[in-house]
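Engineer: Residues per chain are reported as follows:
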Amino acid sequence: MKQLTAQQIAEKIGGKLIGDPNTVITGASSLETSKQNQITFLGSKKYLPQLAESQAGVILITKDLEKELSGGHNYIICDNVDLAFSEILLIFAPEPITYAPGIHPSALIDQSVSVGQNVYIGANVVIEANSVIGDHTSIGAGTFIGQEVKIGQANEIAPNVTIMHRCIIGNKNILHSGVVVGGDGFGFVPGPQGLVKVAQTGIVQIDDDVEIGANTTVDRARFEKTWIKSNVKIDNQVMIAHNVEIGESTIIVAQSGIAGSSKLGRGVILGAKVGINGHITIGDGVKVAGTSGVVKSVPAGEIVLGTPAEGQRDFMYRHSLPKKVKRLTGKLDELKKEIQQLKNK
Amino acid sequence: MKQLTAQQIAEKIGGKLIGDPNTVITGASSLETSKQNQITFLGSKKYLPQLAESQAGVILITKDLEKELSGGHNYIICDNVDLAFSEILLIFAPEPITYAPGIHPSALIDQSVSVGQNVYIGANVVIEANSVIGDHTSIGAGTFIGQEVKIGQANEIAPNVTIMHRCIIGNKNILHSGVVVGGDGFGFVPGPQGLVKVAQTGIVQIDDDVEIGANTTVDRARFEKTWIKSNVKIDNQVMIAHNVEIGESTIIVAQSGIAGSSKLGRGVILGAKVGINGHITIGDGVKVAGTSGVVKSVPAGEIVLGTPAEGQRDFMYRHSLPKKVKRLTGKLDELKKEIQQLKNK
Amino acid sequence: MKQLTAQQIAEKIGGKLIGDPNTVITGASSLETSKQNQITFLGSKKYLPQLAESQAGVILITKDLEKELSGGHNYIICDNVDLAFSEILLIFAPEPITYAPGIHPSALIDQSVSVGQNVYIGANVVIEANSVIGDHTSIGAGTFIGQEVKIGQANEIAPNVTIMHRCIIGNKNILHSGVVVGGDGFGFVPGPQGLVKVAQTGIVQIDDDVEIGANTTVDRARFEKTWIKSNVKIDNQVMIAHNVEIGESTIIVAQSGIAGSSKLGRGVILGAKVGINGHITIGDGVKVAGTSGVVKSVPAGEIVLGTPAEGQRDFMYRHSLPKKVKRLTGKLDELKKEIQQLKNK
Numbered sequence: 110m111k112q113l114t115a116q117q118i119a120e121k122i123g124g125k126l127i128g129d130p131n132t133v134i135t136g137a138s139s140l141e142t143s144k145q146n147q148i149t150f151l152g153s154k155k156y157l158p159q160l161a162e163s164q165a166g167v168i169l170i171t172k173d174l175e176k177e178l179s180g181g182h183n184y185i186i187c188d189n190v191d192l193a194f195s196e197i198l199l200i201f202a203p204e205p206i207t208y209a210p211g212i213h214p215s216a217l218i219d220q221s222v223s224v225g226q227n228v229y230i231g232a233n234v235v236i237e238a239n240s241v242i243g244d245h246t247s248i249g250a251g252t253f254i255g256q257e258v259k260i261g262q263a264n265e266i267a268p269n270v271t272i273m274h275r276c277i278i279g280n281k282n283i284l285h286s287g288v289v290v291g292g293d294g295f296g297f298v299p300g301p302q303g304l305v306k307v308a309q310t311g312i313v314q315i316d317d318d319v320e321i322g323a324n325t326t327v328d329r330a331r332f333e334k335t336w337i338k339s340n341v342k343i344d345n346q347v348m349i350a351h352n353v354e355i356g357e358s359t360i361i362v363a364q365s366g367i368a369g370s371s372k373l374g375r376g377v378i379l380g381a382k383v384g385i386n387g388h389i390t391i392g393d394g395v396k397v398a399g400t401s402g403v404v405k406s407v408p409a410g411e412i413v414l415g416t417p418a419e420g421q422r423d424f425m426y427r428h429s430l431p432k433k434v435k436r437l438t439g440k441l442d443e444l445k446k447e448i449q450q451l452k453n454k
Numbered sequence: 110m111k112q113l114t115a116q117q118i119a120e121k122i123g124g125k126l127i128g129d130p131n132t133v134i135t136g137a138s139s140l141e142t143s144k145q146n147q148i149t150f151l152g153s154k155k156y157l158p159q160l161a162e163s164q165a166g167v168i169l170i171t172k173d174l175e176k177e178l179s180g181g182h183n184y185i186i187c188d189n190v191d192l193a194f195s196e197i198l199l200i201f202a203p204e205p206i207t208y209a210p211g212i213h214p215s216a217l218i219d220q221s222v223s224v225g226q227n228v229y230i231g232a233n234v235v236i237e238a239n240s241v242i243g244d245h246t247s248i249g250a251g252t253f254i255g256q257e258v259k260i261g262q263a264n265e266i267a268p269n270v271t272i273m274h275r276c277i278i279g280n281k282n283i284l285h286s287g288v289v290v291g292g293d294g295f296g297f298v299p300g301p302q303g304l305v306k307v308a309q310t311g312i313v314q315i316d317d318d319v320e321i322g323a324n325t326t327v328d329r330a331r332f333e334k335t336w337i338k339s340n341v342k343i344d345n346q347v348m349i350a351h352n353v354e355i356g357e358s359t360i361i362v363a364q365s366g367i368a369g370s371s372k373l374g375r376g377v378i379l380g381a382k383v384g385i386n387g388h389i390t391i392g393d394g395v396k397v398a399g400t401s402g403v404v405k406s407v408p409a410g411e412i413v414l415g416t417p418a419e420g421q422r423d424f425m426y427r428h429s430l431p432k433k434v435k436r437l438t439g440k441l442d443e444l445k446k447e448i449q450q451l452k453n454k
Numbered sequence: 110m111k112q113l114t115a116q117q118i119a120e121k122i123g124g125k126l127i128g129d130p131n132t133v134i135t136g137a138s139s140l141e142t143s144k145q146n147q148i149t150f151l152g153s154k155k156y157l158p159q160l161a162e163s164q165a166g167v168i169l170i171t172k173d174l175e176k177e178l179s180g181g182h183n184y185i186i187c188d189n190v191d192l193a194f195s196e197i198l199l200i201f202a203p204e205p206i207t208y209a210p211g212i213h214p215s216a217l218i219d220q221s222v223s224v225g226q227n228v229y230i231g232a233n234v235v236i237e238a239n240s241v242i243g244d245h246t247s248i249g250a251g252t253f254i255g256q257e258v259k260i261g262q263a264n265e266i267a268p269n270v271t272i273m274h275r276c277i278i279g280n281k282n283i284l285h286s287g288v289v290v291g292g293d294g295f296g297f298v299p300g301p302q303g304l305v306k307v308a309q310t311g312i313v314q315i316d317d318d319v320e321i322g323a324n325t326t327v328d329r330a331r332f333e334k335t336w337i338k339s340n341v342k343i344d345n346q347v348m349i350a351h352n353v354e355i356g357e358s359t360i361i362v363a364q365s366g367i368a369g370s371s372k373l374g375r376g377v378i379l380g381a382k383v384g385i386n387g388h389i390t391i392g393d394g395v396k397v398a399g400t401s402g403v404v405k406s407v408p409a410g411e412i413v414l415g416t417p418a419e420g421q422r423d424f425m426y427r428h429s430l431p432k433k434v435k436r437l438t439g440k441l442d443e444l445k446k447e448i449q450q451l452k453n454k
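In order, the protein sequences belong to chains A, B and C. When you read off a place in the first sequence, starting at 1, and then add 109, the result is the number in our numbering. When you read off a place in the second sequence, starting at 1, and then add 109, the result is the number in our numbering. When you read off a place in the third sequence, starting at 1, and then add 109, the result is the number in our numbering.
Calculated from the structure, these hints are not laboratory results. Take these hints with a grain of salt, some might be off.
In this list, chains with the same sequence are indistinguishable; a pair is considered to hold if it fits within one copy or across any two.
Below, simulated DSSO-like cross-link-like pairs (lysine-lysine); rule was C-alpha separation at most 27 Å, straight line [said to hold, decoys possible]: (1) 454 with 176; (2) 396 with 452; (3) 433 with 446; (4) 259 with 111; (5) 372 with 281; (6) 452 with 432; (7) 435 with 154; (8) 155 with 440; (9) 334 with 405.
In this text, all values refer to a predicted model and were calculated from it rather than measured experimentally.
All chains, please: the whole structure from these sequences, using the hints.
Structural biologist: Structure below.
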């Protein structure tokens, strides 16, 4: 079992220790569940009430909370509690699971496929004709890669992923299990015998350093490409429709969906379960609250919420309508009385 | 074809027969579609209007509906219509599909894996190093089980499931196809070159007698565990984020999502498409109506609905605002007239 | 590289050319991104402002927009722009990826399975006992087909699909990756030791010419069948519960869910993220706006929206409540003043 003193930890993360430097720490946990030999963190004022009862051996804390500290604990003051705690988690975590480079003998790789250096390809992986796999990429068991797919370097593709023909995956991306990249976009036109499929002739392009959560689907474009730019982070069960474009470092939380041909700028944040209409533009840095339905374009920097989504002020007014209507009802009753009094005179 | 008389069925399910004991039944169907040789059930008062036109040979019914019965049918009065009908369905259903114990020769099981007695392992299953599979567990074709996974006894794991490294599955659980257990939680911190992944070092632990529907995802914890306790029932396409805890016998209907570190108590019911914010607590026995978005903790026993979710009384008031505003508008116009009359005097 | 003149294209799609017949076109793109050697389309008035700046060599346009055209472009007037553009996309698209008939040697097909003529079965496909695969059907790599499944002719089943035992798939259907057909319906009854599973003894039946998007799940019936009729088009991540029936040519957009035993008529359109309650009926031709939650049956032909869903007029009234309440507040303040004036007299 790994163990470090409070002093050693403070040095590792470059923090300022307040308390006993010799406290021995052997693991990390939450504020609520940590024991005397564990380290935890206090991420926001919200959790201050739980501080007194915590049994943690050391508590990471930001500068601005330093005045609020109560006695009986050891603290490490650090600039970024989240980053520091992540570093500590890695120290005490079990050894990460890794896969040595190599191709499992059961993998079925077409002879026309080009495979780079130091690649790991798991059991029962299927890679079809004319695809390319870059150096240092790992592909988990059971994953399917169709024809003419281009996969760059140092990607981590989990087991049971599906990447359909001609899609392009850049470098250093992480795709989790159940992800489907390049299924057909959803398009139909009415015909005399019913709905007729509109061919989806484009591809999906994913740039670099993108993470895509389990069971998320990214549809191929009707023409040209559905495009996920670098450093985009997508959670589980998100739906990206055909011809959507997503700008750099945008975050999309679980179960959100973006309809066809919409464009998201850089640094956008979509909360969970957000719906974005088709053919609209969401500007750089826009924040959309979870469960909102956005029906029209949103200028850069705005915060919107609700369905149909509106600005915070409008939303708050709408949300407070019950109070307002009660007050109106009360006032109206008063006026009625006053009028009655006037009449009686 | 199996056949039973109304009398035989009444005896099997311990119900009281009203009508012809010799009616022959060869199958089961719905109230609307049942024919003379079929048995059906009337589950609630709501469907009483359809009773007259039903051609069913026998109708299961609860005691409290006994007075409402119309002539021309055979009835069996029983305590729990739902349970009784399930029993009858099993009598007339085709033989269930079962898999004899054995390991398909195509399964790729690391030699370090411990496999119990009477286990079924299907075609192309992959089980990686140091995992454990308990007695009487069956694992469907194409399922992936990562390194150091512990799976207990008598689990039924469907085809094409993914269980990632170090996760723990107890006993008598059912996991349907497309389920992903142990994908990374969704966590990032801003860095100078964009968003940086927060390591997800924990696991998923599923206790006993849990059912998880198709394409549901349960993310591994940032640290320690995401925990689904015994007898929890989860429908399809549900998203359980990292470090969530779900109490015993809680029901989560399809397409719901629970954000990181939230805790659900025992016997909670989430309707379909519910969203639960991160870092909140849902008390024992809470009921959340379908499509609701819950943004703050809910005390035990409450019923909440809407987005943001509120109590029934508040929700009903909010829902009835259009009526209230119309009434206010009318009253205001009356007052205006009265004031005008006063002025005219 | 393929190339056609504007004249040749106009002839192919039966449209009327306005402009230079000799313009050479080598590809297709959007109005915004098309270059001089590319063809695009103008689908609705909404995009007219972008017309002036488009550099496209040819623009497809409907008759009714003919009067709005600006100079400097070549146009082809056609009856159905969407259909015509689809035709053109296919001309310039890269050759489609196809799979020659044949069974990959790694496919594991039980000897009792009947396989038709000109069938393609990909790598690592598993087909269990007593199933039937019709002529001209193709089954992508890694797909699982359980026991006693009946699959008709000319179906395209993508890689990593799961079709469970006894389900019936008709002809000319398209199932995308990650689809799960025939997982258990979600049903439990309370028992003395907690929730007890209700057996799901029925099947899923999919008729002809149905398309089902990636990671959509269709649960097997509690008894008899969950039934998707011909020409139904279902997008990604849709959830169809047990015993649901969906009428011909109905469209269900992504992330929608339909709860148990509900019936949708013909030609229904559900927008994205719609929820339909259990045990209700949605009439022919009903349109439900995206993100709506429908809690009761809707008569044929209606348009509903919101949660709980209501008619357009009611929804618009509800949506405009903030304005109405502001106006009421203003009027009330006026009346108050008038009353004060009367009092002062």
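Engineer: A separate judgement is required for each hint: does it hold in the structure or not?
Structural biologist: Here is how each hint holds up against the structure:
no.: 1; hint: 454 with 176; in the structure: neither (65 Å within a copy, 62 Å between copies)
no.: 2; hint: 396 with 452; in the structure: neither (55 Å within a copy, 52 Å between copies)
no.: 3; hint: 433 with 446; in the structure: both (20 Å within a copy, 20 Å between copies)
no.: 4; hint: 259 with 111; in the structure: between (42 Å within a copy, 23 Å between copies)
no.: 5; hint: 372 with 281; in the structure: within (23 Å within a copy, 34 Å between copies)
no.: 6; hint: 452 with 432; in the structure: neither (30 Å within a copy, 29 Å between copies)
no.: 7; hint: 435 with 154; in the structure: neither (34 Å within a copy, 37 Å between copies)
no.: 8; hint: 155 with 440; in the structure: neither (38 Å within a copy, 42 Å between copies)
no.: 9; hint: 334 with 405; in the structure: within (22 Å within a copy, 40 Å between copies)
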